[in-house]
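Whole structure, please, built from the sequences with the hints as guidance.
One letter stands for each residue in the lines below.
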Amino acid sequence: MLGAAVAPAAPSCPPAPRGQRPSNPPPTLLPPPPQAKLRAKAPFSQYAALEARGAKVVFGNPADPASFPSGSFDAVYDNNGKDLDTCQPLIDAFKVRKRGGGRRGGGRLGEGVWRENEANNVRTVLAPNTRPATITKHPPHPPPPSHPRAR
Amino acid sequence: MKHYVFVGSAGAYLADPVEPCHFEGDPRKASAGHVAVENYLASSGAPFTVVQPLYIYGEHTAKDCEQWFLDRIVRGRPVPLPAPGMQLVTLSHVGDLANLMAAVLGNEGAKKQHFNMCADKAITFVGIVDALAKAAGVDAKVVLYDPSAVGLKKGEGFPFRVGHFFANPDKAKRVLGWTCEHTFEGDAPALVAAYMKSGRDKKEIDFSLDDKILAAVSKSTAAVAA
Numbered sequence: 001m002l003g004a005a006v007a008p009a010a011p012s013c014p015p016a017p018r019g020q021r022p023s024n025p026p027p028t029l030l031p032p033p034p035q036a037k038l039r040a041k042a043p044f045s046q047y048a049a050l051e052a053r054g055a056k057v058v059f060g061n062p063a064d065p066a067s068f069p070s071g072s073f074d075a076v077y078d079n080n081g082k083d084l085d086t087c088q089p090l091i092d093a094f095k096v097r098k099r100g101g102g103r104r105g106g107g108r109l110g111e112g113v114w115r116e117n118e119a120n121n122v123r124t125v126l127a128p129n130t131r132p133a134t135i136t137k138h139p140p141h142p143p144p145p146s147h148p149r150a151r
Numbered sequence: 152m153k154h155y156v157f158v159g160s161a162g163a164y165l166a167d168p169v170e171p172c173h174f175e176g177d178p179r180k181a182s183a184g185h186v187a188v189e190n191y192l193a194s195s196g197a198p199f200t201v202v203q204p205l206y207i208y209g210e211h212t213a214k215d216c217e218q219w220f221l222d223r224i225v226r227g228r229p230v231p232l233p234a235p236g237m238q239l240v241t242l243s244h245v246g247d248l249a250n251l252m253a254a255v256l257g258n259e260g261a262k263k264q265h266f267n268m269c270a271d272k273a274i275t276f277v278g279i280v281d282a283l284a285k286a287a288g289v290d291a292k293v294v295l296y297d298p299s300a301v302g303l304k305k306g307e308g309f310p311f312r313v314g315h316f317f318a319n320p321d322k323a324k325r326v327l328g329w330t331c332e333h334t335f336e337g338d339a340p341a342l343v344a345a346y347m348k349s350g351r352d353k354k355e356i357d358f359s360l361d362d363k364i365l366a367a368v369s370k371s372t373a374a375v376a377a
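Chains as they are written, first to last, in this note's numbering: chain U, 1 to 151; chain B, 152 to 377.
Calculated from the structure, these hints are not laboratory results. For clarity, every value in this text was computed on a predicted model and none was experimentally measured. Among the clues, some could well be false.
[Said to hold, decoys possible] Quick list of in silico lysine-lysine cross-link-like pairs, DSSO-like style, CA-CA up to 27 Å:
| # | chain 1 | residue 1 | chain 2 | residue 2 |
| --- | --- | --- | --- | --- |
| 1 | B | K354 | U | K37 |
| 2 | U | K41 | B | K214 |
| 3 | U | K41 | B | K353 |
| 4 | B | K353 | U | K56 |
| 5 | B | K214 | U | K37 |
| 6 | U | K82 | B | K304 |
| 7 | B | K262 | U | K82 |
[To be verified] Simulated restraints, written as ranges between beta carbons of each label pair:
| # | chain 1 | residue 1 | chain 2 | residue 2 | range |
| --- | --- | --- | --- | --- | --- |
| 8 | U | A49 | B | P340 | 42 to 52 Å |
| 9 | U | R39 | B | R351 | 16 to 26 Å |
| 10 | B | P340 | U | D83 | 33 to 43 Å |
| 11 | B | P171 | U | P43 | 27 to 37 Å |
| 12 | U | A49 | B | D167 | 34 to 44 Å |
| 13 | B | C172 | U | P43 | 45 to 55 Å |
| 14 | B | F358 | U | V58 | 32 to 42 Å |
| 15 | B | G302 | U | S45 | 15 to 25 Å |
[As the list claims (entries may be wrong)] Calculated Cβ distances over 10 Å to all of chain B for the following chain U residues:
| # | residue |
| --- | --- |
| 16 | K37 |
| 17 | A40 |
| 18 | A42 |
| 19 | Q46 |
| 20 | F59 |
| 21 | S67 |
| 22 | P69 |
| 23 | S70 |
| 24 | K82 |
In this text, a Cβ means the ideal position worked out from N, Cα and C, and glycines have one as well.
If you want it as structure tokens, here you go:
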């Protein structure tokens, strides 16, 4: 598994001026070590350019929650995991946890409970990234129109 | 955490030899690791979205795509393609895919949904060679072969699946408002320029599998002629 990214969450996101896209907090990436070897290799050699633009790079093991960046995040992108063994720790780690694993507020799985709308601002966690992509920001989208071929 | 976005793979679709174009909701391979993750997310009640890319090309991508073809084209080597060479693939520019992934954020309609991440237009294997050769200003020679007759292992000798592998991205347009801004043919000149700038045209490439394929084709052709 090769790396992940996570963006720190801003305390609030002021509305963007008319005609401009809203400003979201920069993402945090979570790539796996070894750091020096990875940073020397394309495309991961571009991490420095991302950091210069505000992104944070935290090296850690996506299967080891102890190595995850601290803080809360509004969104997680797992761009590398290929099976449940490597993805489940990240999924479970960012659940909203309730005491006793109650059923209120969302579907239950293990000790965690997913609960939506608990945050007002958008934070981005970009997970393991073997297919680096430039994440651009877009304003909220309108509800989708119905379509006869929708699946 | 409001949204979990899993980048799965269109490769987890079951291949359909009758109607090969993949749409969201088509049967998935139960044995695929990606599908186990998708099922876990669905059963968890998580506010998830699954995006399913195909072959990705463009700046700062980690896997070879057009580079495999250019390794041969710029050196004047034959390009061995699994017959008949008319297989369709959707090659996806990394910028288009990044825009699609970003469009998921803040979109309630994206939750608990799968989206194909691919180009509007499918292209044939031969079409890839033609587009790159034209952009490089050279003629390319294509050699078609039967992978099963050459004795190659799965995944050897060619960077893609040997059959059709393409999908329809219309759902992302309808639900996310995403648009595809790139075509492979339109991007070909920039891809050739990036390849040459990287210096890869001067690097030593292992063509031993190509030579094995070409020898098998030559032997087969000679047998038919006799």
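Status of the hints after comparison with the structure:
1. B:K354 to U:K37: holds (21 Å)
2. U:K41 to B:K214: holds (12 Å)
3. U:K41 to B:K353: holds (19 Å)
4. B:K353 to U:K56: violated (35 Å)
5. B:K214 to U:K37: Measuring from Cα to Cα gives roughly 17 Å; hence the hint holds.
6. U:K82 to B:K304: Given pair K82 of chain U, K304 of chain B holds - Cα atoms ~22 Å apart, limit 27 Å.
7. B:K262 to U:K82: holds (20 Å)
8. U:A49 to B:P340: 42 to 52 Å: Given range 42 to 52 Å: violated, Cβ gap about 24 Å.
9. U:R39 to B:R351: 16 to 26 Å: Since the Cβ atoms of R39 of chain U and R351 of chain B sit about 21 Å apart, the hinted range of 16 to 26 Å holds.
10. B:P340 to U:D83: 33 to 43 Å: Hint holds: Cβ distance 39 Å, inside 33 to 43 Å.
11. B:P171 to U:P43: 27 to 37 Å: Hint holds: Cβ distance 31 Å, inside 27 to 37 Å.
12. U:A49 to B:D167: 34 to 44 Å: holds (41 Å)
13. B:C172 to U:P43: 45 to 55 Å: violated (30 Å)
14. B:F358 to U:V58: 32 to 42 Å: holds (41 Å)
15. B:G302 to U:S45: 15 to 25 Å: violated (38 Å)
16. K37: holds (14 Å)
17. A40: holds (14 Å)
18. A42: For A42 of chain U, whose nearest Cβ neighbour in chain B is about 7 Å away, the distance does not exceed 10 Å, so it is violated.
19. Q46: violated (6 Å)
20. F59: Correct as stated: the minimum Cβ-Cβ distance to chain B is 17 Å, above 10 Å.
21. S67: holds (18 Å)
22. P69: At roughly 13 Å from the nearest Cβ of chain B, P69 of chain U sits farther out than 10 Å, so the non-interface label holds.
23. S70: At about 14 Å from chain B, S70 of chain U clears the 10 Å cut-off, so the statement holds.
24. K82: Since the minimum Cβ distance to chain B is about 5 Å, K82 of chain U lies within 10 Å and the statement is violated.
Hint check: violations occur at hints 4, 8, 13, 15, 18, 19 and 24; the rest are consistent with the structure.
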